[in-house]
Amino acid sequence: EETTDSAQSTANAVQDTTYGIHTTTEILEETSDNIQSTTNTDQDTTSSVQSTTTIMQVTTDSIQQTTNADQDTTYGVQSTTEIAQETTDNVQSTTNAAQDTTSSVESTTEILEETTDSAQSTKDSNQGTTYGIQPTTKLMQETTDSIQSTTQIIQESTDSIQPTTNADQKTSYPVETTIEDARTTTNIEKESTTMMETTKYVQTTINQTTTPFIEEQSSTSTILISPRMLQIPVVNQDCSPATITLIPGRSTLLAPEQFRRNQDFYISSNIKLNCNTSLSTILQWTINNCSSTDCSSEIQIDQTIPTTISELYIPARTLSYGIYELTLTVTIVASSNEISSASVYIQINPSGITANLVQFGTSMITRGHQQDLSFDPGTFSVDPNGLSFNASDWTYEYYCRIYGLYNFPNIQGTLLPIDDRRIDPLNPACILNRTDNRKSWQYNGANDSLKSSVTILSDSLLSNRTYQFMVYMENRQNSLIQTTGYVLVNVVDTQPQMIVIACVISTMCVPNIEFQLLNPTTQVALYSICIGNCSSLINITWNIYQGFNASLSTVQWVSLNHSIQYENNWLYGTNTSNFTALNQLFINNPNIFYWRFEVVYSFPSLKTSSALNFVINQPPQNGSCSISPQNGTTSTLFTISCPDWLDEDGIQDYSLYSYSTDRSKKVMIAFSTLSRFQVRLSSQNDNISIVNLFIYISDTFDCITEFNISSIIVTTDSSDITNLINALQSPTTGLLINNPIIQLLSTGNQNTVGQILSSLSQQLNKINADALQNAISNGISATSISISPLGTQTLPVPTVPFNESALIEYKKQLNLYANLRDYLMSFITNLVISTSDSIILQASTLTQLTQSTNQLTRSSATIASNKCYQLAQALYTMSTQTSYEDVQTAASQIAQCTSNVLTAINGPLQGRTLILDLDSSRANTIPQDYDTDLESGWSNLSMIISF
37 EETTDSAQST ANAVQDTTYG IHTTTEILEE TSDNIQSTTN TDQDTTSSVQ STTTIMQVTT
97 DSIQQTTNAD QDTTYGVQST TEIAQETTDN VQSTTNAAQD TTSSVESTTE ILEETTDSAQ
157 STKDSNQGTT YGIQPTTKLM QETTDSIQST TQIIQESTDS IQPTTNADQK TSYPVETTIE
217 DARTTTNIEK ESTTMMETTK YVQTTINQTT TPFIEEQSST STILISPRML QIPVVNQDCS
277 PATITLIPGR STLLAPEQFR RNQDFYISSN IKLNCNTSLS TILQWTINNC SSTDCSSEIQ
337 IDQTIPTTIS ELYIPARTLS YGIYELTLTV TIVASSNEIS SASVYIQINP SGITANLVQF
397 GTSMITRGHQ QDLSFDPGTF SVDPNGLSFN ASDWTYEYYC RIYGLYNFPN IQGTLLPIDD
457 RRIDPLNPAC ILNRTDNRKS WQYNGANDSL KSSVTILSDS LLSNRTYQFM VYMENRQNSL
517 IQTTGYVLVN VVDTQPQMIV IACVISTMCV PNIEFQLLNP TTQVALYSIC IGNCSSLINI
577 TWNIYQGFNA SLSTVQWVSL NHSIQYENNW LYGTNTSNFT ALNQLFINNP NIFYWRFEVV
637 YSFPSLKTSS ALNFVINQPP QNGSCSISPQ NGTTSTLFTI SCPDWLDEDG IQDYSLYSYS
697 TDRSKKVMIA FSTLSRFQVR LSSQNDNISI VNLFIYISDT FDCITEFNIS SIIVTTDSSD
757 ITNLINALQS PTTGLLINNP IIQLLSTGNQ NTVGQILSSL SQQLNKINAD ALQNAISNGI
817 SATSISISPL GTQTLPVPTV PFNESALIEY KKQLNLYANL RDYLMSFITN LVISTSDSII
877 LQASTLTQLT QSTNQLTRSS ATIASNKCYQ LAQALYTMST QTSYEDVQTA ASQIAQCTSN
937 VLTAINGPLQ GRTLILDLDS SRANTIPQDY DTDLESGWSN LSMIISF
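Numbered per the working numbering, the sequence shown finishes at 983, counting up by one with no gaps.
Since the hints were made in silico from the structure, they are not lab data.
Please note: incorrect hints may appear among the correct ones.
[Said to hold, decoys possible] Derived SDA-like pairs (lysine to any residue); straight-line CA-CA distance at most 20 Å:
#1 K802 with L843
#2 K487 with V418
#3 K475 with S499
Everything numeric in this text was worked out from a predicted model, so none of it was measured.
Produce the complete structure using the sequences and hints provided.
Structure, rendered in structure tokens:
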């Protein structure tokens, strides 16, 4: 599709170039005969000069003398010369400069009215193109050089007209008429060559800009208002420092926010700008390492982490242990002295070491009594802080008991390691004394950490028993850092292979003493690996057990009833090495707190099994949520309050969702680490609608409690869109800067931006749907103006005569809202992508913003496509650390956004939607790198055709 567009653009460029070369050739032929004749016959130039002459007569009496001067020379240069001679020190030159700028605009308008296409403008470029209307940046620069050359001639000679005429003929562009001193003229032209630095500028409809903008079309010119214009540095005293609120922000050096090193976290901000002349700001995050008294040592972080946007996202394992001050500084560009900052203090703490006796921390394994049994916590233990586990940093003690019959051997509560010769008469040792006078175990670790690995020799354990081994590890540098690991060993008479089990999503299997934590609202995905020679494998079977507390700190396991009927319903892969149990299994068994997933590998002569044991992670509880007020408009700021929620693992965040009637079509509204936050809500489909809300409260291990909030009534405030369109169509930026919607979008807070764009998108989508229905009812074919997504209601076939005026009105409205949507799309490009909630929020916003595919310009579709790609990439990197449910929700929204973009791109190509005016304007703009040098070899048409 991009190749087709590129080919079409190339073809248009070739046609324009051919026509331009042909026209230029005619001009050169006429010029070679008589340059003076060419000047006299150039009707556009005459019209332009006459317009300039008329303005000059109103400005000063001396212009009349200039008008009577040599008509064969450039009027502007002669006028400049005479005024420079007559008013050298006169302040009137400043006024004349402003009038000259006005003259340039009016002259440009008259020329464009008489010009039928952009190619004719190229023909007349020798004398008829005036005042900054150049097809390319290179032409603009050459014109500036020409003006500077002319200015130098004016300064050096005011008596001779011939040098000025030569200078005018030397350039292929008209010398702009100016009525101010040479320095002022040069400054004006320099400003013209940097169009984005002015607050108002005029371009022809072939303007090359690729920045999203809103255009106000007339018969001759297009007034462009770009988001970048909001960033124009204008010195103004009507500004005061911005107000910054950081979230979370209630912290001090003595009481910082707590984060684990293996935990991602982000700091968001709410910025209120206090400036009536510009919304442009410079944002900068800095991170300082803190001592007990101050935070004066700034650190440098990975350059891939954005630090110049309103939100700061710190991936896990980025910062070392310690306390840090994170500071956001906001500078108002319009007044560089207006600087404000806010800080938050955080502390990075180490995460606990995961002690694994066997690979992956498998809960239960099977071994033969004639086989050696090896435990290697020095190799298999994991440091989640991202550091390589150093076995020599730890001491190791091993303990064993006969599971289900005895406790761990101990004397007065002090456990006896396996190498302790003392005897507990109530709890016998599980390792037998050998008859061959050999030890029953041996340590295999390195010299500096001998006990990091141990082997229980064959014939040291009795068959048909289950043993529980435990390792206690203590850090050598800090004895307060301790950890334990457990494994159950089922001893049999055969010699089976070792099977290990692990979670596909490692963060979904958090060790908890003898178990792994299981979130009942998420599915469990496991995989198993056979270690050793498993080529004779016949079959794999997964079994599910429910556990109940029993005596001696044990759990009694009972096979799950009706497990067969759950296959391919709640259970998948029961005969493969990979197994999945959906969350419905746990939701429908809320009273079961222990679960075991066992895998059995069958070989010709034996079976071997392993298992992973889980305990239900209790979700947050004892709290409530409410919303205030109970009704409002799309402009109302609603307050969400969720007090008193408790969880032993700590509350991580709150995620707010809404839906109209179908809960499965939920839309994320906001997410926050605070229990009290404010949101803006959308009116779903009608002007007045009932909005249903619910909120997820999650703990630090992503266990979720869902709480339903009472439904509220939201009314559409249509003035938002009306005022926004008026502000965008205004020829000045004053209305735009002071528009409350633009001010909110400019904050860069993804919750705020997402809510505003979602609300506006739903209103625009409703307007577009009504416009389509109205157009179809006036005889316009639905297949020529829209593409309906799969599953939607079939649009009616028109039975009334075609109404031309209805089509004109439809096109007008279509282009108006397409331009607005194109402008709004630019605000989503720089939003930070942090957590899975962030991906869901932004993908949901994009899905709504791209829903009306007939209103998507190529630029807005490209921006949406790029953002969806970034979201997909981020989701892919998180896929092994994020729950399946969150990945599914995000992927669904990203897929819908992608589908909308593809439909929007293909619509005009297939003749199913109308070509938008903004696309047409941009497609016919001459590229900035277009070479207009007639002396260049590339101007030879045969060279172009040869390619």
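Hints versus structure:
Under the criterion of a C-alpha separation no larger than 20 Å, the hint pairing K802 with L843 is consistent with the structure, at around 19 Å. Restraint check: the Cα-Cα separation between K487 and V418 comes to about 17 Å, which is no more than 20 Å; the hinted pair holds. For the hint linking K475 to S499, the alpha-carbon distance of about 19 Å falls within 20 Å, and the restraint holds.
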